[in-house]
Structure formats: C-alpha cells, structure tokens
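Undergrad: Listed here are the chains, written in short residue letters.
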Amino acid sequence: MTKEIVDAMAMQRALTRITYEIIEKNKGINNLVIVGIKTRGVFIGKHIAERLQQLESAEIPVGELDISSYRDDQAETIAKQPLDVNIDGKRVILVDDVLYTGRTIRAALDALMDNGRPAVVNLAVLVDRGHRELPIRADFVGKNIPTSAMERIQVNVEEVDGRDSVEIE
Amino acid sequence: MAKRYLILEDGSVYEGVAFGAPATTFGEIFFHTAMTGYQEIMTNPIYHNQIVVFTMPTIGAAGINHRADEAIGPMVKGVVVREVAEVSTNRLQSMSLHEFLLRHNVPGISQVDTRALTRHLRETGSQKASIVDYPDDHAFDQLRALVLTNQEVQQTSTPRAYVNPGRGANIVVIDFGLKNGILRMLNDYDANVTVLPYTATLEEVLNLDPDGIVLSSGPGNPHDIPDEMLTLIQTLQQKVPLLGIGLGHELFALANGVQVEPMRIEHHGMNHPIREQITNQIMYATQAQGYQIVKSTIKGTDVFVTHVDLTDGSIQGLRHRNYPAFSVQFFPDTAPGPVEATQPFDDFMDMVTVRRGG
Numbered sequence: 002m003t004k005e006i007v008d009a010m011a012m013q014r015a016l017t018r019i020t021y022e023i024i025e026k027n028k029g030i031n032n033l034v035i036v037g038i039k040t041r042g043v044f045i046g047k048h049i050a051e052r053l054q055q056l057e058s059a060e061i062p063v064g065e066l067d068i069s070s071y072r073d074d075q076a077e078t079i080a081k082q083p084l085d086v087n088i089d090g091k092r093v094i095l096v097d098d099v100l101y102t103g104r105t106i107r108a109a110l111d112a113l114m115d116n117g118r119p120a121v122v123n124l125a126v127l128v129d130r131g132h133r134e135l136p137i138r139a140d141f142v143g144k145n146i147p148t149s150a151m152e153r154i155q156v157n158v159e160e161v162d163g164r165d166s167v168e169i170e
Numbered sequence: 002m003a004k005r006y007l008i009l010e011d012g013s014v015y016e017g018v019a020f021g022a023p024a025t026t027f028g029e030i031f032f033h034t035a036m037t038g039y040q041e042i043m044t045n046p047i048y049h050n051q052i053v054v055f056t057m058p059t060i061g062a063a064g065i066n067h068r069a070d071e072a073i074g075p076m077v078k079g080v081v082v083r084e085v086a087e088v089s090t091n092r093l094q095s096m097s098l099h100e101f102l103l104r105h106n107v108p109g110i111s112q113v114d115t116r117a118l119t120r121h122l123r124e125t126g127s128q129k130a131s132i133v134d135y136p137d138d139h140a141f142d143q144l145r146a147l148v149l150t151n152q153e154v155q156q157t158s159t160p161r162a163y164v165n166p167g168r169g170a171n172i173v174v175i176d177f178g179l180k181n182g183i184l185r186m187l188n189d190y191d192a193n194v195t196v197l198p199y200t201a202t203l204e205e206v207l208n209l210d211p212d213g214i215v216l217s218s219g220p221g222n223p224h225d226i227p228d229e230m231l232t233l234i235q236t237l238q239q240k241v242p243l244l245g246i247g248l249g250h251e252l253f254a255l256a257n258g259v260q261v262e263p264m265r266i267e268h269h270g271m272n273h274p275i276r277e278q279i280t281n282q283i284m285y286a287t288q289a290q291g292y293q294i295v296k297s298t299i300k301g302t303d304v305f306v307t308h309v310d311l312t313d314g315s316i317q318g319l320r321h322r323n324y325p326a327f328s329v330q331f332f333p334d335t336a337p338g339p340v341e342a343t344q345p346f347d348d349f350m351d352m353v354t355v356r357r358g359g
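Protein chains in written order, with my numbering: chain A, 2 to 170; chain B, 2 to 359.
Treat the hints as calculated values from the structure; they're not laboratory data.
Please note that a few of the clues may not be correct.
To be verified - Below 20 Å or equal to it, Euclidean Cα-Cα: the simulated EDC-like pairs (lysine to aspartate or glutamate) are:
| no. | chain 1 | residue 1 | chain 2 | residue 2 |
| --- | --- | --- | --- | --- |
| 1 | B | K240 | A | E22 |
| 2 | A | K47 | A | D74 |
| 3 | A | K144 | A | E5 |
| 4 | A | K144 | A | D115 |
| 5 | A | K144 | B | D212 |
| 6 | A | K26 | A | D8 |
| 7 | B | K4 | B | D138 |
| 8 | B | K300 | A | E25 |
| 9 | B | K300 | A | E57 |
| 10 | A | K47 | A | E160 |
| 11 | A | K47 | A | E57 |
| 12 | A | K144 | A | E57 |
| 13 | A | K47 | B | E277 |
| 14 | A | K26 | B | D303 |
| 15 | B | K240 | A | D140 |
| 16 | A | K39 | A | D115 |
| 17 | A | K28 | A | E5 |
| 18 | A | K28 | A | E57 |
| 19 | B | K296 | A | E57 |
| 20 | B | K240 | A | E152 |
| 21 | A | K39 | A | D74 |
| 22 | A | K4 | A | E168 |
| 23 | B | K240 | B | E205 |
| 24 | A | K28 | B | D303 |
| 25 | A | K39 | A | E159 |
| 26 | A | K4 | A | D140 |
| 27 | A | K4 | A | E152 |
| 28 | A | K26 | A | E60 |
| 29 | A | K28 | A | E152 |
| 30 | B | K4 | B | E124 |
| 31 | B | K4 | B | D114 |
| 32 | A | K144 | B | E100 |
| 33 | B | K240 | B | D225 |
My request is simple: use the sequences and hints to build the entire structure.
TA: This is the structure in structure tokens:
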C-alpha cells in the first residue's frame, strides 16, 4: 500500500528551509556550487538554486552528477561522465533525494573528487530514512522519516513524476 | 437614539448616533479597512487606547463570540461605524456588538460618514479624537489637553510570567502586548509556552531552556522599548530559533542595526498582496502597521528581506543571515485574516524541531 507522507506544499517548504539553512551555514552564497545526483537530486538541487537566486539575485551553478560508474555493486564497465561545472576551490552542496545506506553518497564523493578539489562539500537531502551502512551524515535534511528496511521511500518530483511528493510503501 | 459627536484635534466634527456605552472617550484615531474581524480588531492590544474607524459600512453582523477575543476585553477606547447591524444570525454569538461595548464601557458612534472621515484622516494622518455628547469649546479644550502615553507596552504586557502548558517544544514568548492568536497558533503545535513580561532578562529567558523564542506584536513605538531588550535579542538570536511579529519584528530589525521609522499613513487592513521573496508566492495577511523598516539601512547589516508588500513596497519580513532568526511585520496568527498567512509559524516550529534533533 502506498501512502503519501509529504505533500507538495510541505516538500516546497522543506526546500525553502534548507535554502535558508544553506545561507546561514555558508554566511551567504559566495563561491557556492550545487551538484545534484542524477536523477531527482538534480531537480531538487535546481529548486534550491532558484530560491537562492530569488533571495540574492545571483545565479548559482547547478551540476549534474552521474554516479553509475562509481557504484560499489556494479562492475566498472560504465564510462565515467565528467561533471559539467567547475568545483575547484568551491563550496559544494551535494544534493540527493533520499539518504539511506550512504553508499550513493560515498560513490558521489568519489565522483566529485575525480572532477576537482572542492573547498567544502556539504550534503543536502530531502529525506533521511536512516539505516546507514557507512559513516556519512547529511548537513541539511528536509524530513527525517524513520523507516523499517522493509519499507520503500519514493520521492516524486514534478519534472520527472508529474507531482511533488514523498511516498512510503 | 441619542445624537453624539466625533471630534478631531484639528477641529473637525462628525455627527452620529450613540451605541455601546454612553461614556465620553479620548484616544488616537485610526481607520481599519478589513471587511471582517471587527471583534479581533477591537480586542487586539496593538490598538490599546485608540479609537477605531471601520471603513466596512456595516459592522456587528456576526455579533460577539468569545472564541474571537484577542484579549480579555476590548482594547480600543471607541468605535466609529457607518451602520451597526441590527440583526445577527450567527449561531455562535453570545451577545451583540452593542451589548459587548456597553458591558466594557466603550462608547460607539454610528451613522458617521466614514468615507469622508477616512479620506480626511488619509490627508491629515492619525490624530487625537474624542466621542462626546456635544462638540463645544470645552470638549475641544479637553481633547487638546490630552497627552498620549508612550507607555503602551508597559500597560499591555503581562506584569508577571505565566505558563500556557503543552506537551511539545518549549517556547518562550516575550509579551509586548501579546494577542491571543499567537498563543492559539502555538497551541496548534502543542508547544509548552511560557509568556514573559517585556522586562525579561537574559537569565530569566535562558533559565527556561527555550527551544524557541517569539517576540510578540504590540502597540506603540519600538523606540520606546528600553535598549536592554535590543541587547537581549542580539544574544538570544545566536542561541535559539527566534520569530518576531509586528512590534517584535521592528525590535528584531533595530537589534540588528536596521532603522525603523513612523509611516505617515498607517496601514491597518488585509488587502495588500505580500510577496514571499524566496518562492515568489503571493499571500494576503492582516496588517496593523504604524512603523516601517527603513529600506536603505538594511545594506551592510546581517539581515535580508524575505517579504515585501506589493502595494506600498514596504518590507514585511526579515531574516538573519547567520542565525535561525526571522521576523514578519504582518500578523501570521490570522486572527482575523486569511489563513494562508500562517506559514511563518510552520517555518518557525520547523526550525525549532530541526534544532531539537527531530
């Protein structure tokens, strides 16, 4: 049975709060780059960038990170995709939809480091569902949703899924 | 019905008909453009000692219902209307507007040409006024001799701390003339609220281990509040999530080096579109504003603008760049007003939850 636990409105507000927290933590938006993990992390990252732009009237670059070739559960046969933004010396906000085991983020950090040497990397996720298998935590969390490992969390974004919501199954 | 007169400091006289209490009254006059919520407006401590003119032509059609009280009784000194509704069919009412004003000894005057009066007040700005039995020289002498107090917050703030218990987050409200709506909203989150007088010290606040601080709305001039409060805000905003409302917003601005000035035409109503900058969304909210942020003084400070009034361009919200602290000029407790404006409470309680490790 699928149940919506975060609606579009609450999801938008969570992104708004994360945006304000990013400003607080970075004392502004200087040198900031957002890197979204494909696919939904990219769109969430773009929403955060839009908000930063509304407030500070400055465009924040948003990169799209493909981590397929860095995954630890697949043979290294997929070609590495270079990142489309410069992250050297930048304050990088890494964005993903769900933080679970931490393995995706581990792979994303490897991919980031192959593309340059950021000054700082912070992690923003829309949902933290627990069950970490690696020592990784998020700096900005939209919603903490404690789950059992049997459950499935699905983040929907307008651009891909036609609606903004978080569902549990 | 007995004839009565509304007289203004500048010599103008408006004839009308008595309702409410037959007393003579003095106060600063202002007009409110809201079409609903007369009871909330009359009982809002921000209007303590003032005479309210309702531009809505008929007032009283919903009677008086104690769930709509913003304080224990009316705060205004007089009520000026075009017409008092003779019939109210509201099943929730416990008495009529006339009975309410009579019980609390507040005079009203109806059959006044409130359109002409409002136009006049728009020209002159707010001034002293009086509701009297006869507009003779004596009445004007009395009116001119009236000294308006600058002790409004002292008179409306609670003299001692009290608790409004709940099972959730520990919230401290600093009372500058608190209205019930703020407590009602915090109740919705089951917050455990302690209300402190405006003279609260840092030690008194921190001894309560607050998860969040609310600086309440209130009457009067923010510059009349002692400087100690500004120092207190400067320290608290670094430690605990903070929400300022109305007067609390103006104090949050002053504490962060932004200047605040009186508005020539005060704004009391709920018909201005307000834009939330970050989402570009428009909302309507109840506003009761006699002072405004001086825009040019924001640059170089650690706060930035979050909400703007699209009708007059005035700043309706500020946020600190380095701390989880923000403030709104309008009333997010929506008593009265459009419920779409409650977002600041959601945002504040969200901030509180995040910092409590939720």
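Undergrad: Next, verify each hint and record whether it holds.
TA: Outcome of the hint check:
1. For the hint pairing K240/B with E22/A, the CA-to-CA distance comes to about 15 Å; that is within 20 Å, so the pair holds.
2. In summary, the hint linking K47/A to D74/A is not supported, as the alpha carbons are separated by about 28 Å, beyond the 20 Å threshold.
3. Restraint check for K144/A and E5/A: the C-alpha separation of about 13 Å stays at or below 20 Å, so the hint holds.
4. A threshold of 20 Å between alpha carbons decides the hint, and for K144/A with D115/A the separation of about 30 Å lies outside it, so the pair is violated.
5. At most 20 Å may separate the alpha-carbon atoms for a hinted pair to count; K144/A and D212/B meet this at roughly 19 Å.
6. Between K26/A and D8/A the alpha-carbon distance is near 27 Å, which puts this suggested pair outside the 20 Å criterion.
7. For the hint linking K4/B to D138/B, the alpha-carbon distance of about 18 Å falls within 20 Å, and the restraint holds.
8. Proximity of K300/B to E25/A is assessed by CA-CA distance (about 17 Å); at most 20 Å being required, the pair is judged to hold.
9. Simply put, K300/B and E57/A have alpha-carbon atoms about 12 Å apart, close enough for the 20 Å limit, and the pair holds.
10. About 11 Å separates the Cα atoms of K47/A and E160/A, which keeps this hinted pair within 20 Å; it holds.
11. The straight-line distance between the Cα atoms of K47/A and E57/A is roughly 15 Å, inside the 20 Å bound, and the hint therefore holds.
12. Simply put, K144/A and E57/A have alpha-carbon atoms about 25 Å apart, too far for the 20 Å limit, and the pair is violated.
13. Proposed proximity of K47/A and E277/B is supported: the alpha carbons are some 19 Å apart, at most 20 Å.
14. At most 20 Å may separate the alpha-carbon atoms for a hinted pair to count; K26/A and D303/B meet this at roughly 13 Å.
15. Of the pairs offered as hints, the one joining K240/B and D140/A holds, with about 19 Å between alpha carbons and a cut-off of 20 Å not exceeded.
16. For a cut-off of 20 Å, the pair hint linking K39/A to D115/A stands: about 17 Å separates their Cα positions.
17. With a C-alpha separation of about 35 Å, the suggested pair K28/A and E5/A falls outside the 20 Å cut-off, and the hint is violated.
18. Using a Cα cut-off of 20 Å, the hinted pair K28/A and E57/A holds, with the two alpha carbons roughly 12 Å apart.
19. Proposed proximity of K296/B and E57/A is supported: the alpha carbons are some 16 Å apart, at most 20 Å.
20. Straight-line distance between C-alpha atoms of K240/B and E152/A comes to about 37 Å, which puts the hinted pair past the 20 Å bound.
21. As the CA atoms of K39/A and D74/A are separated by approximately 17 Å, the hinted pair is consistent with the 20 Å bound.
22. At roughly 5 Å between alpha-carbon atoms, K4/A and E168/A fall within 20 Å of each other, so this suggested pair holds.
23. With a CA separation close to 14 Å, the supplied pair K240/B and E205/B stays within the 20 Å bound.
24. For the suggested pair K28/A and D303/B, the alpha carbons sit about 9 Å apart, so the restraint of at most 20 Å is met.
25. The suggested pairing of K39/A with E159/A holds, with an alpha-carbon distance near 15 Å, which does not exceed 20 Å.
26. Simply put, K4/A and D140/A have alpha-carbon atoms about 27 Å apart, too far for the 20 Å limit, and the pair is violated.
27. As the CA atoms of K4/A and E152/A are separated by approximately 11 Å, the hinted pair is consistent with the 20 Å bound.
28. Under the criterion of a C-alpha separation no larger than 20 Å, the hint pairing K26/A with E60/A is consistent with the structure, at around 18 Å.
29. Note on K28/A and E152/A: the hinted pairing is violated, with a Cα-Cα distance of about 38 Å set against a maximum of 20 Å.
30. Annotation: proposed proximity of K4/B to E124/B is violated, straight-line Cα distance about 27 Å (limit 20 Å).
31. Of the pairs offered as hints, the one joining K4/B and D114/B holds, with about 14 Å between alpha carbons and a cut-off of 20 Å not exceeded.
32. Taking the CA atoms of K144/A and E100/B, the gap is near 50 Å; set against the 20 Å cutoff, the hint is violated.
33. Under the criterion of a C-alpha separation no larger than 20 Å, the hint pairing K240/B with D225/B is inconsistent with the structure, at around 25 Å.
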